[in-house]
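*Asks:* Here's the letter readout for the chains.
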Amino acid sequence: MTPSLVDLGAILPELLIVGAACLLLVLDPITPSSKKDLLAWMSLGALALCFMVTIGDLNHRVLAFSDLVIIDPYAAFWKLLLYVISGMTILFSMTYLKEERIELAEYYGFILLSLAGMMIMVSGADLLTIYLGIELMSISLYIMAGFKRFEAKSIESSAKYFILGSFSSGILLYGISLLYGISGSTKLTDIAQAVTSRGFDDPMVLFATMFLIVGFGFKVSAVPFHMWTPDVYQGAPTSVTAFMAVASKAASFAAFLRVLLEGFGGVKPSWQGLILVLCIATIALGNIVAIVQTNVKRMLAYSSIAHAGYALIGIVVAGSVANGDPIASGGVSSLMLYLAIYSFMTLGAFAIVGILRRGGLEGEELDDFTGLSKRHKGAAFLMMIFMVALAGIPPTAGFMGKFYLFMAAVNAGMAWLAIIALIFAAISAFYYLRVVMVMYMREPSAAQENETRLAFTPTTSVVLACAIAGVIILGVFPGPLVSVTTSAVMSFP
Amino acid sequence: MFDLIVLLIPIFPLLAVISNGVFGARYSTEMAGRIAFGSVGLSFLCALGVLGYVVSDPTPREVIAYSWIYGGDLSVDLGFLIDPLTTVFLMVITGVGLLIHIYSTGYMHGEEGFTRFFTYMNLFMVSMLLLVMGNNYVVLFIGWEGVGLCSYLLIGYYYEKVSAGKAATKAFVVNRIGDAGFLLAVFLIFTEFRTLDYLKVLEQAPQLSTGMATAIALCLLVGAVGKSAQLPLYTWLPDAMEGPTPVSALIHAATMVTAGVYMIVRNHAIFDMAPIALTTVGLIGGITALFAATIGLVQNDIKRVLAYSTVSQLGYMFLACGIGAYTAAIFHVVTHAFFKALLFLSAGAVIHSLNGEQDIRKMGGLHNKIPITYKVFLIGTIAIAGIPPLAGFWSKDEIMAHAFIHHHYLLYAFAAIGALLTSFYMFRLTNLTFYGNSRVDPKVEAHIHESPKVMLVPLMILAGLSVIGGLLLGFPPEHGLLHSFLHDVATPLGATAHEMNVGLLLGLATFATLIAVSGWALARYMYLSNPGVADEWMQKYSGIYTTLLNKYYVDEFYDKIIVEPCKRLGEIWDCFDRKVIDRFVIGVGNMTDVSAAGITWTEKHVMYAGLNVIGYGHHLAALAWRKLQSGMVHHYAAIIIIGLAILVHVAFLWFTSATALGQ
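If you're matching them up, the sequences are chains A and B in order.
If you count by numbering that gives the first Met the number 0, then the first sequence holds residues 0 to 492, one letter each, in order.
If you count by numbering that gives the first Met the number 0, then the second sequence holds residues 0 to 662, one letter each, in order.
Quick caveat, the hints were computed from the structure, so don't treat them as lab data.
Incorrect hints may have been included.
As the list claims (entries may be wrong) - Mimicking BS3-like on lysine-lysine, the simulated pairs with C-alpha atoms at most 30 Å apart in a straight line are:
{"no.": "1", "chain 1": "B", "residue 1": "K160", "chain 2": "B", "residue 2": "K550"}
{"no.": "2", "chain 1": "A", "residue 1": "K147", "chain 2": "A", "residue 2": "K186"}
{"no.": "3", "chain 1": "A", "residue 1": "K97", "chain 2": "A", "residue 2": "K376"}
{"no.": "4", "chain 1": "B", "residue 1": "K160", "chain 2": "A", "residue 2": "K373"}
{"no.": "5", "chain 1": "A", "residue 1": "K373", "chain 2": "B", "residue 2": "K165"}
{"no.": "6", "chain 1": "B", "residue 1": "K361", "chain 2": "A", "residue 2": "K152"}
{"no.": "7", "chain 1": "B", "residue 1": "K442", "chain 2": "B", "residue 2": "K452"}
{"no.": "8", "chain 1": "A", "residue 1": "K376", "chain 2": "B", "residue 2": "K160"}
{"no.": "9", "chain 1": "B", "residue 1": "K374", "chain 2": "B", "residue 2": "K361"}
{"no.": "10", "chain 1": "B", "residue 1": "K452", "chain 2": "B", "residue 2": "K165"}
{"no.": "11", "chain 1": "B", "residue 1": "K539", "chain 2": "B", "residue 2": "K550"}
{"no.": "12", "chain 1": "B", "residue 1": "K539", "chain 2": "A", "residue 2": "K376"}
{"no.": "13", "chain 1": "B", "residue 1": "K165", "chain 2": "B", "residue 2": "K550"}
{"no.": "14", "chain 1": "B", "residue 1": "K452", "chain 2": "B", "residue 2": "K374"}
{"no.": "15", "chain 1": "A", "residue 1": "K35", "chain 2": "A", "residue 2": "K97"}
The following block holds chain A by itself, in its conformation from the complex:
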């Protein structure tokens, strides 16, 4: 079958991104190393173009390529978020790569390729499309994690991520094949029919669901499939870590939710308990282990695990969205809101870690933050806001995100789940505020005073300004974003 123009039009953003990525890879060798920034600006241009195109998708729904791809407001919301995240990552990387002496412009090409994978994931209406997207995203990320080729830690992180990632992809694919076995199709709609008619007591359905949950659980780093997260996050270059922690998590959650609700919505009561177990385990482990971390990147890795746990609440309480009543959709829209907010806070925190230098190295240990308020008032203040936001304290956006999620849990009659989450959120203040305490309530030693500096450049300032604006504005005026998420959910089929 030849794709029609309509089909191609539907995936115009994806085509643009992939095209730009290829162009970057071709242009890279012929660009003198002093002009590599041009490539970054090019990719930003491509993102801006896609942003314009995708905004138009926010209010209509199209199926393309014989129902393999779906373009709906839900997908459009995630894509817009992913553009913003990628744009911020690229801007941040322009400084970071220079500081780390990673002078490889194919980096930007890989970011775009990975982004293309995520975009395919969020608008996949068929398990194979989604799988394709996951692989495109992951393979690019495996390579990017190892971009500090001369550092053992980075290589190790890449290798671990690759092996475990392939392993989990294998499990996911196995689940997909089982589903194909029972439904004769990989389309979510067909699977939904087969699953509903067979019921959950069919071992095939049961195992297929398990495999899918494990596969996606790995991608969103839910406990007990989280073990790669701290090692990989710590070892990878910080710009890549930020991208993984934010973009790949957002895209994976988007696909996870769509698969579960569209494919398995009919048997929700059966798998709800499983997600619930994962959710509580993830919240508990992420928060408790974060307490004892002394490396800020590792701490943020556990914090990202904990936040994945909160986000899972959204999946737990997301009802069958089809009936469109507000209580049922509360889970989905609050999950979308939460991940959008989480992206800004986490990107901001990682950006601060990335620009804090000790000698030629990155200042990623908690000690490097000692007395930061004395040396770099602005950076310390921004970090404080990000930490306060991650801890969920009003009036930052972090509070709004948690507020909606926990409210959705109580609305769905799961007040006890909200209690557990709230208690762990209270505990989380302990490790987030430790960073604040170290920055504001400790004297820097003389050596630290001389050694540490900040790699502030215009581009990093823009990134930090975007992040802080996101954290504050979404906290003080969350209305518009809430409206967007709610309307995106309403149009869910």
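Position chain B against the provided structure of chain A, taking the given hints into account.
*Replies:* Just chain B now, with coordinates in the frame of chain A:
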């Protein structure tokens, strides 16, 4: 006009925060101080204006700044509700706050980070004002967490002290436990009423079922207990004394800690529907009042004694709420703000004169060296001890009388014993600090000096308020100015006017006075007339003494059962995540079924081979190989498989139980 004045109240300190926070380094510290207290002064003037409006027309009015949360079915405004209750708190916060700000410019003079201090103080004022002015629960919660954050920053102000940082974190985390309860209550309220505006919620509150009302009220209570330092979440408040003394006066005595009382009174319509919750409030208050007072008996740090007395006095306010005497609770909030701010600030003046000494064993005989400080401190002591006609007597007596008349004899007993202890330890503090022989370090003694005017004038004003505040606002009992002002907002649902038995009231008042005076007499006997007695008793009852001195070992208990296990769990999991101890994996490997072992085997052999084939680069292979041989990665993979196995088990269990339930 009215709307503008209301909006300006929090805006003035907010502007000062921005100005001092951003440009503070550009101008002199004197200027920063002037901006700080000037802004609070302007807020105070606006609050006076609001008072004028509300006195002439006490119907609640809402002022909406803008529509804050919308989209979805939840809509919340950033709006303010002005009614008599809010107005009373506004007056206390801006009035007492202004005095403390003025005092601080003297007290903090020359301290490093002077501007930072006032930035935090003004930020605190903004949060506290939002807390009491908000017209819905979300605005209240912003203030609620905001005051917690500012308290955190201010406790940790002396960051050279390690203990200050620890105390700050403790205060914040304990507060957040309470906040979790409060937030849950907010969710429940929304589920029940589909709105979060006070006026709508409280109007519909009488239709609540008792069960739901109890659930909401108890969750609110958890929040109030955390913020107002009641049992069992009181431990942060005494530690919070690590902060500068004006902070203790403003945040940890006069304003923030009374937020819990404000919240209960604001929501009394819900509490009135839940008798169990009300009883709990009363009991917590009564027990805390007594418990904290016993600890206060033996403490040797001047600020810690005051801290425990604060916890104890907050207990009286909770007790009053618990028996439905909401007006009395607010009355006590007001008088307590006067005399406790006075006590803390004059304690600060003492510490200031003694060059930072806080241990009362190293004081003594100060009454003729710093006479003005001595006089105001004495006034504060008499006021808190409950000796008429000073402020504390009227409010405390009203609470106790209410408890007696409404047959809460147990609570009355708690309150009465607590009052005796309060009087005793406060006079003990005064005696040890200002009378007897000087035990001051000779080096310090040479430099003892009276504090500057900028500190003494606020003290005198507060002393004046502590003398006449009670009479002015609360005389005659239950029919004072405050009572008629608050009548519409603080009368319990379904309350009937009870017969006033003047004889009984007089009797109770006499008894209360007698209690207070005997506390004074006992302190005088033990610490002035026969100074040896105290030591003798200390020897004789050394068991009780050490227990009290160590605050019943509650902190140690919490450390042992909560903090330490949490940390240890974190370390264990962390270790697990990092190393995945070989022995464990082998053990688990043996236990898991054959399929898991099989897949692990395949992974180990096929994947490693695959890695080489891919030819990921020579150095990569070398490096990665070594790591892989340590076995870590395949152990991770094994964990994934084990996770999968567990999930399948859980799924079976869940599914079977679900079907069983279905049938």
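*Asks:* Take a quick look at whether K452 (chain B) and K165 (chain B) sit within 30 Å of each other, Cα to Cα.
*Replies:* violated, 34 Å
*Asks:* Take a quick look at whether K35 (chain A) and K97 (chain A) sit within 30 Å of each other, Cα to Cα.
*Replies:* Satisfied, since the Cα-Cα distance of roughly 10 Å is no more than 30 Å.
*Asks:* Are K160 (chain B) and K550 (chain B) close enough, with their CA atoms no more than 30 Å apart?
*Replies:* holds, 22 Å
*Asks:* Hinted pair, alpha-carbon criterion (30 Å max): K373 (chain A), K165 (chain B). Please report holds or violated.
*Replies:* holds, 20 Å
*Asks:* For K539 (chain B) and K550 (chain B), compute the direct alpha-carbon distance and say whether it is at most 30 Å.
*Replies:* Cα-Cα ~19 Å, so holds.
*Asks:* Are K442 (chain B) and K452 (chain B) close enough, with their CA atoms no more than 30 Å apart?
*Replies:* holds, 25 Å
*Asks:* Need the status of pair K165 (chain B), K550 (chain B): alpha-carbon distance at most 30 Å?
*Replies:* holds, 18 Å
*Asks:* Quickly compare the C-alpha distance for K97 (chain A) and K376 (chain A) to 30 Å and report which way the hint goes.
*Replies:* holds, 24 Å
*Asks:* Compare the distance between the alpha carbons of K374 (chain B) and K361 (chain B) with 30 Å, and conclude whether the hinted pair is satisfied.
*Replies:* holds, 20 Å
*Asks:* Does K376 (chain A) sit within 30 Å of K539 (chain B), going by the straight-line distance between their CA atoms?
*Replies:* Distance ~56 Å between K539 (chain B) and K376 (chain A) Cα, so the pair is violated.
*Asks:* Take a quick look at whether K361 (chain B) and K152 (chain A) sit within 30 Å of each other, Cα to Cα.
*Replies:* It is violated: about 57 Å lies between the C-alpha atoms, which goes past 30 Å.
*Asks:* Below or equal to 30 Å on CA atoms is what counts here, so check K147 (chain A) against K186 (chain A).
*Replies:* violated, 40 Å
Violated hints, in rising order: 2, 6, 10 and 12; the structure is consistent with all others.
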